[in-house]
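All chains should be built: construct the whole structure from the sequences, respecting the hints.
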Amino acid sequence: EVRRGETLGLTRVAGKQQRRYDELYQDRIRLLEDAVRDNPKNPDRLVDLASYLVSEADNRGEKVEPRRELQPYRFQISREQELQRAIQLADRALALSGKHVGAMMQKAVALTALKRYDQADTLADQALDLAGNNADALRLYANFRAMRANRMSSEAWSLRQERCSSSSHEETRSDGVYRVTSTTCYPPSQADLQRASQLESTAAELRRRARAALEKAAAVTKGTVDGDLILADLALWDGRTAEAQSHLEQA
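Mapped onto the working numbering, the consecutive letters of the sequence shown carry residue numbers 517 to 767.
There could be a bad hint or two in this list.
Derived DEER-like restraints, expressed as beta-carbon distance ranges [to be verified]:
hint, residue 1, residue 2, range
1, 702, 659, 30 to 38 Å
2, 736, 542, 37 to 45 Å
3, 741, 706, 44 to 52 Å
Calculated pairs, DSS-like style, for lysine-lysine (alpha carbon to alpha carbon, straight line, at most 27 Å) [to be verified]:
hint, residue 1, residue 2
4, 557, 615
5, 615, 738
6, 732, 615
7, 615, 631
Calculated from the structure, these hints are not laboratory results.
From a predicted model like this one, the values you see are computed outputs, not experimental measurements.
The C-beta atom is built at its ideal place from N, Cα and C for all residues, glycine as well.
Given below as structure tokens:
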């Protein structure tokens, strides 16, 4: 039997675990910033903070109803400012360790989010040259290239869709006034289709590079927990879910 006092105690304990996203976000940022302040010469701490900023940059809010303004999840500066801060942190890490692959890759991801693709690609290739047989670095490179490929494929899909526009006007008829809406759709232009094909071709090449890096990481870590996790990722990329599950169980 649970007495009233015990019930209240259980309620209080449960209540402590119910925290909003903005509280979790601010606590995480505070912990990462404290780690940087405690060890300002450690590039890994700078990269950890940059990585979190990049990962949360698009998690901003939601529109629950049509035409309702965005309801932010947390206190925030602009997305661009958060990504620029991540780039600055990565630059600080690179100033401390010029060959820090993690800093290069986080900066490349942030640059990609800002659509500064040429700079991002150059950094990613530099990181791959430095990665050698470092499995973590190879995985970062593979994930970055796969992300870029997915965004290109998404853009290619959009270019192949019809473009539709609508216009409305009021029309008086014998039985009343009606609002008439006309919608006109246009097929994709030849220029759009050519651009889509180019994007898909580039995306396929990026996926090839990503897979090659991940396969190299798998070979380097063969027989380890990390090796099994990498093999699981490769299986998932090919849609072989049963094989991926098997590798996860082995890990």
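_Numbers of unmet hints, in rising order_ = Structure breaks no hint.
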